[in-house]
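S.K.: Residues per chain, in single letters:
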Amino acid sequence: MLQNREEGAGNLNSLEALEILREAAENPARQATQWQEEHGGKVIGFLLSDVPEELIHAAGFLPYAVNAEEGKLEFADAHLQTWACSFSRNALAVALQDKISFLDGLIIPQTCDTTRMLLGIWKHVRPLPLMENYRLPRQVDRPSAGAYLYGELERIKKRLEEFRGKKIEEGALKNSIALYNHNRQLLRQLYGIQVEAPQVLSSKDLFKIIKAAMVMPREKLNQLLRQLFAVLKEEKECFTRASRHQLVISGTLLEPLELLDFINEKGGVVVADDLKNGFRYLEADVAANGDPLEALVQRQLKRMPAAFYEIREKRRAEYLVKLAREKEAGGVIFLHLKFCEPENYDYYDNMQAMEKAGIPAIRIETAYGGIPLGQLQTRVHAFIEMLGGEDAVR
Amino acid sequence: MITAGIDAGNKTTKTVILKNGEIIARALKPSGFDQEKAAREAFNEALRLANLDVADLAYTVVTGAGKHVISFAEGHLTEVSAAARGVNKLFPEARTVIDVGEEEGFALKIDKEGKVVDFAINEKCAAGTGSFLESMSRALETTVEEIGQLSLRGKKTVPMNAQCVVFAESEVISLIHAPVAKEDIAKSIHVAMASRISALVRRIGLEKEVVIIGGVAHNPGFVRALEEDLGVEILIPAYPDYISALGAALAAGEKAGV
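Line order of the protein sequences matches chains A and B. First residue of the first sequence: 41, per this note's numbering; consecutive thereafter. First residue of the second sequence: 13, per this note's numbering; consecutive thereafter.
It should be emphasised that the hints constitute simulated quantities derived from the structure, not laboratory data. This one's a predicted model, so the numbers in the text were calculated from it and none came from an experiment. Note that CB positions come from ideal geometry on N, CA and C, so glycine has one too. Some hints here could point you the wrong way.
Unchecked claim - Only part of the chain A face toward chain B is listed, based on derived beta-carbon distances under 10 Å:
hint, residue
1, L170
2, A397
3, I399
4, P400
5, Q415
6, Q417
7, T418
8, R419
9, A422
10, I424
11, E425
Claimed, not checked - Below, computed lysine-lysine pairings styled on BS3-like, alpha-carbon distance capped at 25 Å:
hint, chain 1, residue 1, chain 2, residue 2
12, B, K101, B, K31
13, A, K198, A, K82
14, B, K49, B, K127
15, A, K396, B, K124
16, A, K273, A, K248
17, B, K101, A, K396
18, A, K396, B, K220
19, B, K23, B, K49
20, B, K41, B, K23
Assemble the whole structure, with the sequences as input and the hints as a guide.
M.R.: In structure tokens, the structure reads:
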């Protein structure tokens with residue numbers, strides 16, 4: 041079955057591959073329902089970020105990132121306070137609108153106060169056979185963090201095994217890890233093309249591909265990405281890299297995607313980011329050797345810093361300055377979701393570090409559920425004009 | 013060299029014609045529903061006043077909230093950069109620019125060449141802008157032209173908590189029924205509005221000289237409240253609503269000169 045699908049995909053050209061990925065980003069639910077029809081398997085939903093999809097995949101389930109874009113806030117407002125972030129509110133709304141009723145399970149990582157409580161509400165309003173919190177350690181430098189996380193991953197693994205009625209074999213987990221490592225590598229290569237030649241792969245298409253990756257069966261996805269990369273790599277050679285305003289985006293989630301159009305149309309390019317639905321999703325591979333659970337632990341403890349994740353050895357503010365310098369970025373956009381308190385509390389430190397380093401930065405606040413795009417465009421364009429001086433008129 | 017700058021604002025559309033860097037004509041029209049039409053009218057009016065033809069212009073740049081719908085302009089520039097350039101031309105010593113228009117208020121930090129060093133824009137809220145004053149004028153049964161003068165006669169301020177035009181209006185109505193003197197309510201409204209704008213200025217850091225532009229700069233009550241809030245004297249250009257159009261015309265000159 042899998043073989044046939046991969047062969048089928050093999051006949052596609054790069055544009056068709058890109059179209060399929062765009063379509064998957066637009067209609068994520070279709071990916072899951074189609075997979076269910078073909079395999080009769082179970083779909084385990086998860087919220088961003090850092091959920092070990094490799095474990096879900098090794099259990100034979102399809103991991104599915106719940107997409108908050110289609111949510112209507114009025115559905116969530118009856119159950120969740122309006123000062124919770126719009127990502128959480130919209131994700132719950134998507135469930136309440138019965139747009140993800142194909143889910144057999146849900147895993148919510150505890151990354152903030154809202155996600156700590158969300159599963160409890162979800163259990164009441166849309167109960168599913170498997171519902172778990174993934175309790176991440178926050179202070180990852182503590183000697184106990186690794187042992188704690190190992191226990192937590194064992195607990196999640198056991199729950200998946202119970203649900204499946206069968207153990208997850210070590211070999212299967214290692215295979216899933218290899219598949220996901222390969223996938224991340226392909227996504228990073230495409231990210232590189234976007235940096236080098238946004239004319240060939242726009243920032244918006246790149247983030248759509250990442251979005252598609254979060255819902256698509258990995259085997260099918262890797263095939264499409266390989267084809268796309270092979271062709272785009274050739275196309276990229278036809279373009280000399282125009283002088284562009286190189287930007288780093290730091291924050292929670294990229295929303296709305298139009299932000300990337302505003303950057304590209306003003307001659308900007310995203311050279312790095314630390315977003316949950318951006319580079320954070322593809323940055324950290326898992327060691328192929330040894331105990332696979334321990335490898336998953338080590339991956340988690342060594343990830344890039346985030347607002348919900350404290351690393352004394354690698355402070356986020358310093359990390360971001362270093363990242364901006366390494367990538368020769370002219371400026372940093374802090375992209376915050378309204379009411380995302382971990383990100384907001386981090387901001388002061390991050391902004392101070394940028395000021396000290398002489399790197400211009402701007403804070404832009406967005407939300408799921410529609411924000412005025414005209415104002416967003418003015419902010420982004422004005423920031424790029426500020427970086428670009430004389431080239432401002434377009 | 014002759015260039016034109018258009019500022020397609022939310023309420024009014026302005027055009028400035030520059031000849032060798034000096035203003036030779038300016039015109040203003042209400043933006044209305046059809047911003048392209050308003051821009052065309054302001055543009056033609058300015059050309060007529062300057063006794064010029066479109067063919068005489070080396071380049072035209074448009075700025076303002078409606079800039080993307082103005083099809084006949086050759087270049088676009090954001091309101092932020094346009095304001096900075098316009099102010100720098102008139103006040104080279106200005107380091108802080110405050111622009112308060114109909115729907116948008118922002119604060120800029122600029123250098124001696126008129127380049128933007130930092131900026132802050134109000135967050136999708138009308139509480140610090142011209143439309144807020146219009147709404148409050150209606151509640152006080154006065155006009156937007158009168159409300160500033162009225163506030164200068166106010167003796168005291170009452171705290172206003174509302175951060176939103178809709179809530180502020182009901183708060184004002186409560187004050188009317190309290191009853192609080194009309195001029196005191198007017199003063200309180202201006203103080204509340206100034207605090208929204210001063211928060212933007214504090215975010216980027218206050219540096220002298222401070223210049224205010226945009227339609228709300230015509231309101232002496234607001235300027236006074238903002239001066240008291242920030243503790244500085246604020247400079248006002250002769251035609252504060254035309255400064256962004258001037259900035260766009262200057263940018264057009266740079267573009268044509270390249």
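S.K.: A422 (chain A) was flagged as interface toward chain B. Is the shortest Cβ-Cβ separation under 10 Å?
M.R.: With a minimum Cβ separation of about 4 Å from chain B (threshold 10 Å), the hint on A422 (chain A) holds.
S.K.: Given R419 (chain A) as an interface hint, is the shortest Cβ-Cβ distance to chain B below 10 Å?
M.R.: Since the shortest Cβ distance to chain B is 6 Å, the answer is holds.
S.K.: Within 25 Å, alpha carbon to alpha carbon, are K101 (chain B) and K396 (chain A)?
M.R.: 30 Å, violated
S.K.: Using 10 Å as the Cβ threshold, decide whether E425 (chain A) counts as touching chain B.
M.R.: Given a least distance of 4 Å, the restraint on E425 (chain A) holds.
S.K.: Given the hint that K49 (chain B) pairs with K127 (chain B), does the C-alpha gap stay at or below 25 Å?
M.R.: Roughly 31 Å between the alpha carbons, so the hint for K49 (chain B) and K127 (chain B) is violated.
S.K.: Can the hint on A397 (chain A) be confirmed by a CB-to-CB distance to chain B that is less than 10 Å?
M.R.: 15 Å, violated
S.K.: Have a go at the P400 (chain A) hint: is there a Cβ in chain B nearer than 10 Å to its own Cβ?
M.R.: 7 Å, holds
S.K.: Hint I424 (chain A) vs chain B: min CB-CB distance below 10 Å?
M.R.: The hint holds - I424 (chain A) has a Cβ within 10 Å of chain B, the shortest such distance being about 9 Å.
S.K.: Given the hinted pair K396 (chain A) and K220 (chain B), is their alpha-carbon gap at most 25 Å?
M.R.: Distance ~22 Å between K396 (chain A) and K220 (chain B) Cα, so the pair holds.
S.K.: Let me know if the C-beta of I399 (chain A) comes in closer than 10 Å to any C-beta of chain B, holds or violated.
M.R.: 12 Å, violated
S.K.: Below or equal to 25 Å on CA atoms is what counts here, so check K273 (chain A) against K248 (chain A).
M.R.: Given pair K273 (chain A), K248 (chain A) holds - Cα atoms ~18 Å apart, limit 25 Å.
S.K.: Keeping to a limit of 25 Å between CA atoms, is the pair of K396 (chain A) and K124 (chain B) held or broken?
M.R.: 21 Å, holds
The earlier numbered hints that this structure contradicts are 1, 2, 3, 14 and 17.
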